[in-house]
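Using the sequences provided together with the hints, build the complete structure.
Number of protein chains: 2
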Amino acid sequence: MKMFSVVSLSEAIDIILKSFPKMADVVEEIPILNSLDRTCADDIISKEDVPLFNRSTVDGYAVVSNDTFGASEAFPAILTSIGEIGMGEVSNKEILNNETIYVPTGGQIPKGSDSMVMIEYTDKIAAGEILVFKASAPGENITLKGEDVKMGDIVIPKDTKIRPQEIGIMASLGIENVLVKRKPKAGIISTGDEIVPINNPYMPGKVRDINSYTNSALLTNIGFEVSQYGIIGDDKNKLVKTINLALDECDAVFISGGSSVGTKDITICVLEEIEHDSILFHGIAIKPGKPTICANIKGKPVIGLPGHPAAALMINILISNVVKRSLLGLNQDFQTFLLCEMTENYPSNNGREELIPVKVEQVAGIFKATPVHGKSGLISILSHAWGYILLSRDKEGLQKNEVVSVFKF
Amino acid sequence: MKMFSVVSLSEAIDIILKSFPKMADVVEEIPILNSLDRTCADDIISKEDVPLFNRSTVDGYAVVSNDTFGASEAFPAILTSIGEIGMGEVSNKEILNNETIYVPTGGQIPKGSDSMVMIEYTDKIAAGEILVFKASAPGENITLKGEDVKMGDIVIPKDTKIRPQEIGIMASLGIENVLVKRKPKAGIISTGDEIVPINNPYMPGKVRDINSYTNSALLTNIGFEVSQYGIIGDDKNKLVKTINLALDECDAVFISGGSSVGTKDITICVLEEIEHDSILFHGIAIKPGKPTICANIKGKPVIGLPGHPAAALMINILISNVVKRSLLGLNQDFQTFLLCEMTENYPSNNGREELIPVKVEQVAGIFKATPVHGKSGLISILSHAWGYILLSRDKEGLQKNEVVSVFKF
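Protein chains in written order, with our numbering: chain A, 7 to 415; chain B, 7 to 415.
Simulated from the structure, these hints should not be mistaken for laboratory data. Don't take each hint at face value.
For chains that are exact copies, the list does not tell them apart, and a pair is met inside one copy or across any two.
Straight-line alpha carbon distances no greater than 25 Å define the calculated DSS-like cross-link-like pairs of lysine-lysine that follow [as the list claims (entries may be wrong)]: (1) 151 x 306; (2) 414 x 365; (3) 167 x 374; (4) 414 x 167; (5) 374 x 53; (6) 156 x 247; (7) 296 x 164; (8) 374 x 414; (9) 374 x 406; (10) 401 x 117; (11) 140 x 293; (12) 151 x 293; (13) 304 x 244.
Set out below in structure tokens:
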């Protein structure tokens, strides 16, 4: 059999990001409220200024700033009040030198005024007489027309993931519907003669199809539309047929292998048979998850995951987001973490990277990480774990009380 | 008017967590694949052992361990092969001393065997003769029946948020449907005479209803079912009626105030009128977001948010998760962050906490944070920001190159 090189996790990520074309731009127009976590298919350009008018950021008096220069507690400026502008009022009022108008926070600044004095620095001494105790600079306490967004600005670039704040900016511009890319489609296949549907009764020797469920949940969660192609035994022809069908209908295919060497061979042979030289890597030098495969078939990513459920899920948490970024052409996002102190030593010197699932507790304000021990096939490990530590290849284990970065599952 | 005390952000969070009863346990049974991010309404107890049988974690030979003691390259143990167990095969085969059976990874260990020797440490010398070059300890390379989960174990405690790994553990136990709590319902109200629906044309003096959209998106995103109660002008009676309706239909109500002092007064007066002594706090000592209100009416949280869209969204990102935890009785989750170097000085000495929105870029492997400057009413700030820094009250600004924790929006 042909040998393929084993890559590091960061090499695997680079290969996935570089090897596939972006998904064809099939777009749909949807209401902005339904667009959360979708991807903008076009630059969103503002057709107007925000705010639409010079707006006060305080409750107070609109003034001509140079009327207030030199004003102090001892020598206040004396201005003539010529009325007020109500909240939401569209006003044509104008002030001249030595005049003022009351404006609430958010209210429109009258013509002629270039500055707002907060009400705290004023006093009303008689009908129509306002004392100002403080100099107010030009532009002070005013948001200028177009200061937030200028007409013609690209407010949301194409390929941006839409968050609540992007929905806010579209609402502020009166945009009710937005063009988004369709969700990428993921096909899921479980392989192995030992895998049975989850509603099967107790049968020694058999293992329920956990991977179809964890992979579906994970991929749905990060924004894929998921189709399940069921459980395929170690039957080469059936696997060829199923992978071809999934590739026709989906943008990416995720196959979790049975855990036997036999099964792994079948997956890789089948992928090579479907398209010669399609294998980009076979093996990531990481524990757990070494048997991970990536192939490029018909320009689409086919990911072969380990059969052990916990290993398959841990690897796919790292890989699936990269596949999604590649398909949608999204910019890199940064993965956040928690700084924790190790509660015990963790020995390791296996010369490859390692994903260590950990529990996290907060004790007297300090986060404490404790490895969840167990073999990589144990799904209960991941249920007990809050997150994981990525141990680099050249690091020989972790010491008790050492500070580590813990990434959330 | 009655005065209410201003609280710190952590005091505000404590008050919300302590003041409200959990939502009544209305539950629904749903397929596990649809249960992602929902809350378990009951302990999930395993009705069987996982794995269901002693299982091999390697490809190799099942042995009686003490037959291999003392085995080495020079003096291998010689065993008689009496067959193999296929992947997924349910076997009653048994081995006696000096016998062995081939078992693939994931396969069932035959009776009589207590250890697996990896195939790499064996050699087949003739039909039925296997050399073993290494001693194998009892239990080596075997996952014991029940090692992952024991019958009767609580595998997922009540009130747990369901992640892909919880779906995996349910699948592994053959559980197809799960009892979950219903989603909490949030009612959203926008107030202010200046607020108009987003499809309104250009009108100086008016501001589009951004907050209904950002709050809907945010609350939907974290797992609320959202109902919008529209825009209420500064009309006390209408506001009383709308809040009462929202409280009847929802578990929590979020009101974003118009930004004028007048409007803020109306919201707080109306809340006091609906239920006397209902205000838990009026004001969080944080910039932006000082005018935030929390009331307890009919045992339900009513949150009054600032009118400025960016301030309202920033505060609600912090508050809405706490309200959700309180309603569902969820355990605390830990907020992850990114360690960044400041690219510039950020002066601040205003004696209260401050939320600083920042852009994040990665330069030569180092994350760099740059404050996004602008007034709190500017929604474009949040669209440009990747996350925020929470500056404590006693910290007098930040220095260029200082390392800070940046939380993702």
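Status of each hint after checking the structure:
1. Taking CA atoms no more than 25 Å apart as the test, residue 151 paired with residue 306 passes in neither setting, with 48 Å inside one copy and 40 Å between copies.
2. Taking the shortest alpha-carbon separations for residue 414 and residue 365, both the intra-copy value of 10 Å and the inter-copy value of 22 Å come in at or below 25 Å.
3. Proximity of residue 167 and residue 374 under a CA criterion of 25 Å is satisfied inter-copy only: 21 Å between copies versus 33 Å inside one chain copy.
4. Proximity of residue 414 to residue 167 under the C-alpha cut-off of 25 Å is found in both arrangements, the shortest distances being 20 Å within a copy and 14 Å between copies.
5. In this assembly of identical chains, the alpha carbons of residue 374 and residue 53 never lie at most 25 Å apart, being 51 Å within a copy and 32 Å across copies at closest.
6. For the homomeric pair residue 156 and residue 247, neither the shortest alpha-carbon distance inside one copy (54 Å) nor that between copies (39 Å) is at most 25 Å.
7. For the homomeric pair residue 296 and residue 164, neither the shortest alpha-carbon distance inside one copy (36 Å) nor that between copies (35 Å) is at most 25 Å.
8. Taking the closest pair of Cα atoms, residue 374 and residue 414 come within 25 Å of each other both inside a single copy (14 Å) and across two copies (22 Å).
9. In this assembly of identical chains, the alpha carbons of residue 374 and residue 406 lie at most 25 Å apart only when taken from the same copy (10 Å versus 30 Å across copies).
10. Taking identical chains as interchangeable, the C-alpha atoms of residue 401 and residue 117 are never at most 25 Å apart, the minima being 67 Å within one chain and 41 Å between chains.
11. Proximity of residue 140 to residue 293 under the C-alpha cut-off of 25 Å is restricted to the inter-copy arrangement: shortest distance 24 Å between copies versus 67 Å within a copy.
12. Only between protomers do residue 151 and residue 293 lie at most 25 Å apart by alpha-carbon distance; the minimum there is 23 Å, versus 57 Å within a single protomer.
13. In the homo-oligomer, the alpha carbons of residue 304 and residue 244 lie at most 25 Å apart inside one protomer (19 Å), although the nearest pairing across protomers, at 61 Å, exceeds that limit.
Hint compliance for this structure: hints 1, 5, 6, 7, 10 are not met, and every other hint is.
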